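Asker: Keeping the supplied structure of chain A fixed, place chains B and C upon it in accordance with the hints.
Single-letter residue listing:
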Amino acid sequence: MSVKTMEPNTTEARAAEPKTVSCEAPAASAQAGKNAAARRAGRTRGTAIAMLLALLAFSAAYIFWGRDRLPAGEILQVLSGQQVPGTSFIIMDDRLPRLAVGALAGAGLGISGALFQRWLGNPLASPDVIGVGYGSSAAAVLAMLVLGYTDWRANVFSLAGGLLVAAVIYWLSASGKRTGSRLILAGLAIGAMLQALIQYLLSRAEINAAADAFRWLTGSIASSTWEQASILGLGLGVLSAFVLPLVLRQLKLLELGDDTAAALGLNVSRARVLLVFLAVAMGALPIAVTGPLAFIAFLAGPITAALTRGGINILLAGLTGATLVVVANFFAANLFADISLPVGVITGAFGAPFLIWVLVRANSTGNGG
Amino acid sequence: MTASPSTTAANAPHHAKTGDKTSGKNSGPRTIGGRKLSTKITATVILLVLLCAAVAASLLFGARSVSLSAVIDALRSFDPENGDQAVVASRFARTIGGLVVGAALGLAGAGLQGLTRNPLADTGILGLNAGASLAVVLSMAFLGATSLNAIMIAAFLGAAIVMALVYLVASVGREGATPIKLALGGAALAVGIGAITNAVLMTSKATLGQFRMWQIGSLSASPVETYLAAIPVVLLGAVIVLATARACNAVAMGDDTATALGFNLGRWRLAGSIGIVLLAGAATAVAGPITFVGLMIPHAVRLLVGSDYRWLMPVSVIAGPILLLAADTLGRVIAPPTEIQVGVMCALLGGPIFIIMMRSGMKSVSL
Amino acid sequence: MATLQASELTLAYDKVTIVDELSLDIPTGEVSIVVGANGCGKSTLLRALSRLLKPAGGKVLLDGSDIHSKPAKEVAKTLGLLPQSPNAPDGITVRELISRGRYPHQGLFKRFSAEDEAAVNRAMELTGTTILAERSVDELSGGQRQRVWIAMALAQETDLLLLDEPTTFLDVAHQLEVLDVVSELNRTRGITVVIVLHDLNLAARYADYLVALKDGKIYAAGHPNEVVTEKTVKAVFGMPSRVIPDPVAGTPLVLPIGRHRVLRTEAVLAERGIFRGEAPVNEPQALSEGLDQESAVIEAEVAAIEKAVEEADQNTPRPAREHLQTLAFSTTVLRSQQLSPSFRRLTLGGKDLEDFGTNSHPLDMRIKLLLPPAGGFGVSKEIASLRPDALTSPADQLGWYQRWLAIDTDKRGYMRTYTVRAFREAGHRDNLGDTPELDIDFVLHGEVVDGKLQGGPATEFGDQAKEGDSLLLLGPNKALSDASYGGIEFRPGAASRIVLAGDETAAPAICAILESLPANVTGHALIEVPETTDILGTTTRSGISVQWLTRGSAEHGSLLQDAVRRTVAIPAAGVVQTNAEPEDVDVDANILWETGQAQSAPFYAWIAGEAGTVKEIRRYLVREAGVDRKQVAFMGYWRRGKTEN
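Chains as they are written, first to last, in my numbering: chain A, 2 to 370; chain B, 511 to 877; chain C, 496 to 1140.
Careful, some of the hints might be misleading.
With a Cα cut of at most 20 Å, we get these calculated EDC-like pairs of lysine to aspartate or glutamate [unchecked claim]:
| hint | chain 1 | residue 1 | chain 2 | residue 2 |
| --- | --- | --- | --- | --- |
| 1 | A | K253 | C | E817 |
| 2 | A | K253 | C | D633 |
| 3 | C | K973 | C | E817 |
Note that these hints are calculated values from the structure, not bench results. Remember, it's a predicted structure, so these values are computed and weren't measured experimentally.
Isolated chain A, as found in the complex:
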C-alpha cells in the first residue's frame, strides 16, 4: 500500500480524492493492521508455547535420558508418588530440585535482565554487564572465603550484596539528567572494582576454598535442594505477584523517556527506584542461590524480541530464561561422558556466540547506545 494515498498532505488533495479511495483505503489497511496485530499476538503465543515445550522436553530428557540412566518405569513410579530405593533419592532429591531451582533462577534472571534492558532501551544494559551481578558475587565470595560461611548465610550475603551495590550504583548515577547512561558508566566502574576485589580474595584464599568459591562464581545448580527451590519460589512469587504488575505498568511510561513519562503524570524518580529494586531483587535472589549464571539475564530478553519480532516481553523473557537454564542444565550434565560441568560453564560458553549476535543486532538497529 502506498504511503502517499494514505496521507494526503493537503486539504485539496483530501477533497480531490475520490470518495471510494478515502473510504476503502483505511478500511483495507485497518484490516491489514488487524492481521498484523493478530500475527504479532500469534507470534508471542507461539514463542511462549515453544519455550514451554522446550522447557518440558529438556526437563523430561534430563530426568529420563540423562547420564546414569534410570529405568523409565521406576522414574514414573517415583513421580507418581511411590518410593523406589535409590531412584527416589536421585529423582526427588537431586534431579527435580535441580530443575526447579534452575527454572526459577532462570525466570528471575530473565525478568531482571529484561526489565533493565527495556527501561534503558539498550539490550546490552543487563544487570550482569553493568555490574549489579558483581555485587552479589563479591559479597558471596567474601562470605565464603573471609567469613568461612558456606551455608545459607552466604546466600543471604549475596542477596544483600547485590541490593547494596545496586543501591550504590543508583545513588551515584541518580542525580540530575541522563540517569540511564550514567547508571551504565557507574555500573561498569563499580563492576571493575568488585572484580578486582573478587580476584584479590581468591588469590589470598587456600586453594581448595578458592576452588569452591570459584565453582560458585561459575554458577551451579548441582547442589540444589527443595528448600532452596521453595525459598526462591516464594521470593520470586511474592515479587511477581505484588510488585511486578505495578512496575510493568510504570515501565510502559518510563521507556517513553523521563519527560514524556513525567508529562503523563508519573512520578519518575519513584518509579525508577521501584523498578531498579525489583529488577535487582529478582536477579540477586537467583544469584544468591545458584551463583551468577552467565548470560541468562543478558540473553533472555533479546531472544524473545527476536522470536516475536517485536519488543521485549518481560514475562516471556522470564519463561525464556527458565528454558535456557533447563536446556543448559541438560547439556552440562550430558555433554561430556566423564564430567558433569556446572551449568554456568555451559551458559557462559554457549552464551558467548549469542552475545556477539546480540551486540551486532543491537548495533545494527541503532540501539547499542
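Answerer: Below, chains B and C alone, put in the same frame as chain A:
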C-alpha cells in the same frame, strides 16, 4: 612553582585584578583544551620529579623498612646474602616492572582513547585484559605454557583478537563505534570471555592455582629478567603509538573531519591497534591484567597538559609509572605483613576516581 | 477551559539562570508559539510550564493554582506535553504507544476501559493515524512518527497541549504536516496549544499569539503581525532582515539578510541591468498611493534625459545644474494643510528650488518625491549627485536610476510622482518666505490604527509631515527645461473639447490642469472621491464643467464609468471609427499607460486613476464611442488589490 605565589603576593597591590583572573582561570575547567607551552613544560618537569620520588619510595618502603644506605649499597655492589639487600633486589625488580608496565599501560590507554575517540577506552573496560586472560589460561591449561614468552605471545593474541572483535561489533550500525557501544560491547565480551575462562579453570585446579595469581595483576610475581625482556616489545609498541599522535588529534575532531584532513583512518587505526596490543599485551603478560591505569592516566594528563596528543601521549608515559609505583608501594605498606597487589589497588583507587570524574560532569567522561 | 500562566518565573539549571522573572499568560483556546535564538530559554520555559522543571523562583499557575502543588496525575489530565525527542520503545505498535497516553486516566487496578479505547480512537482519527494503528512505530516516517506522538498526547484528552520543537529533524513538507495537524486540533477542538519553534516564518504563520524570547526574557509578545518586525528579528536573532507579507498566508515573512551575499549580488546584477524579484516596473507601490506603477514612466523619462545627456560632454565633471535636465532638490516642509479627509497639501520650500522650474506654466508639472523609509535614510550617492551643486559628469549619471533602484528600499526609500499644484518664486505675493516654494497635494489612503494613519509610505509621510521635515524631490532644472518638461501626460493639442476623468488619485493633477487650461476650452471634468468632504474647490478659467462624484459605498470607479458614459455620447464627436477593439492590457501584470500625441483633432480625453477603471473607460471610449486612440491618454496610476511590495 614555589616562586609564583611570592611573586603574586609581591605584586598584589598593583595587580589585584590580574591575580583574581589567574586564580579564576586555574580553578575553572575552561582552559583544559589549550595550554601554554610553559604550563606544559612545568607539568612535565613536576611529573618527572614525582616519578623519581615514586621510584625512590618503591625502593625504600615496604613491609620491611630498609635504610637509604642499604639501598645505595645494594645498587652499588649486590650481596645476595644480606637480607636487606635481598629485599632491595626484589623491590628493584618490581620497580623496574612498575616503570615498564606503567608506561605501557598509560600510553596504551592514551592511544586507545585517541584512536577510538572514546573517553572510556581502557584495556580493562574494553575487554582486552579478559581476552589476554583467556588466551593465557588456554595456553596454561592445554599447551602447558609456563614460560614467559609463551604467556606473552598468548596474551598478545588474546588482546588483539578481542580488540578486533570489540571494534568490529561496535562499528556495526549507522553511528559507528560510539563510546558507549564500545564500552558496553567490551564489558559484555569480557563477561562472556570470563565465563569461558572460568569454565576452563574449573577443569584444572593446578591451572587455577597458577592463574589466580597471574590474574590479579601484580608486580611481585616476576623476576627482573621478565620485565627486562618485555622492554623491547614495549619500546616497539610505544614508537608505533607515539607516531599516531597527529592522527589522534585529527580523530578528536571526528572521523569525517580527520578523513577530510587527509588521514587514512583505516591504516592509522590498524597501525595504532598493533602498537596498543603490543603495549597492553606485554604489560598484561608480565604483570597480569591491571584495570583503570589506562583509563585514568590520560584523563589526568589531559588536565595537566591539554588534549594535544603530541603532549598527552609522552606525558602519559611518565605518569603511568607514577600511578603504578605509588599503588604498588601503597599496597605494600597498607596492611603489613601482607601485600595488596597492584591490580587490586589500581581498581580500588581508580573506580572511585572514575565515578568522581563522571559525577563532576566532566565532559570527557560523559557519553 | 484550563488556563496557564507563568508568574515572575525564574528558571535555573545548576544556579545558571536561564529564564529571569518571566510573566506570561497563555491565551486560552489559541495557538501560542514561543520563538527565540538558541539558548534563549524557550525549551526550558516549556519544561517549567509543563511541570517538568521546578522553578527557582515564581510560579506556574494552572487554572490559577501553583502547578507544583498539584499531583502529577491531576496535571497530566489537564496538560499534555510532547517533549523534544521522545523515544519509542523497540517494536511498539502505534496503537500501543498512543494507548499509553491514557495513563493519567487509569487507576492502579483499573483496566483499559471502553472510554480509554474511544479516546485512543479519537486521537488517531484526529491525527490521521488510524490507518497506521497496527504498524510498528520504528518503521514510520519522521512526520508520521511525530503525528503518532501528538496522538499520544491527545489521547491524554487535555485542554492544554505543549509541544517542544515538534518539527525538528523533519523536512519542510512534514513540518507543515505536523503544524497543520496541531492547528486543526486547535480550531476544531479548541485545545490551547503552546509550541516552541525555531522557524520564525512558520511560527508567524501558525501562531495566534507569538512570544519572542531573548536571554530568558520576553522581548515581544502578541499577534505575529505586531511581533514579527525587522526590529524584533534584529533584536531577538541578532540578524538584519526584511519582513514582507507572506504571499501565501499574508502573515509576516522574514527574509534574512546575510552580510555580503545579497547586497553584493544585487549590486553586480544591477550593473548588468538585471533585476531579481523586483524589476523596476514592479517597483513596490502602495495600494492607496494613487500613484502606482510609475517607475516605468520615471524610467522612460530618465532614459530620455540620459539620452540627451549622452550627446553632451560625457566625462567632465561639472555642477549638475549645468548639464542635467533633472535635478534633486532639497526642501523642507513649510506648511501642512488638511484640505479634506483624503487630501493634505504640503508646501515645500528651500534654497535649492532657485534652480527649479520650467520657465513656463505647464499644464501638469510632474515631479518625483523621495519618500523616506520607515527608519529614515541617508541620501544615496545616486541622488546626491543630482543636487544642483554636485560635481558630476554626464557619463557618471548613466544608469543612475537603475543603480538607485537596486538599493534596498530600507535605505533608499520610495520614489513617487506628484503634480505640482502651485509653484511660487521668492517674492511672489503669496510667498512670504525668501526661497521659492511649491504645493503638493497628498492623497491620504489607508486605515486609521491607534489614531495613526497606516498606509503606504507616501500616505504616511503626507499624514505625518510636520513643519521643518525635509524632503528631497526630483524636478526640472530651470536652466535647461522648457514647457515640454511638465505636462507631458496632458497633450490636448488643438482640441477644444476635453474630458478629464479620474479618481481621487488623479484629483490633484486634474485640479492643476483645470487651473492652467485656457478659457477657450470646454468639456467635462469628472472626479470621483471617497467622501463629500473631499470635494475640493477648483478654479478654472476654462469652460469646463467640473463634476465631483462622491463614491460613498459604491464600488470604486463605478460612478466614474457611468459618468463617462453619460458624458461621451455614442458616437463621440470627431469619431473615426467605432467597434475598434483596443488590444487587451492585463492591468494586473502590466501598466496601462497610453498617451496620445499632440493632435489636431477637436476632442481630447485624459483618463487617470485606478487601472481597472481606466481600462473599462478606455474600452468604452475606444470601442463603443469610437474615439481615436491618438486623442486619449489613459494612465493606470495604481491597481486595486495589488498591495505594496
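Asker: It remains to establish, for every hint, whether it holds in the given structure.
Answerer: Cross-check of the supplied hints:
1. A C-alpha spacing of about 87 Å is found between K253 (chain A) and E817 (chain C), which places the hinted pair above 20 Å, so the restraint is violated.
2. A hinted pair counts as satisfied when its Cα atoms are at most 20 Å apart, and K253 (chain A) with D633 (chain C) qualifies at roughly 16 Å.
3. A threshold of 20 Å between alpha carbons decides the hint, and for K973 (chain C) with E817 (chain C) the separation of about 10 Å falls inside it, so the pair holds.
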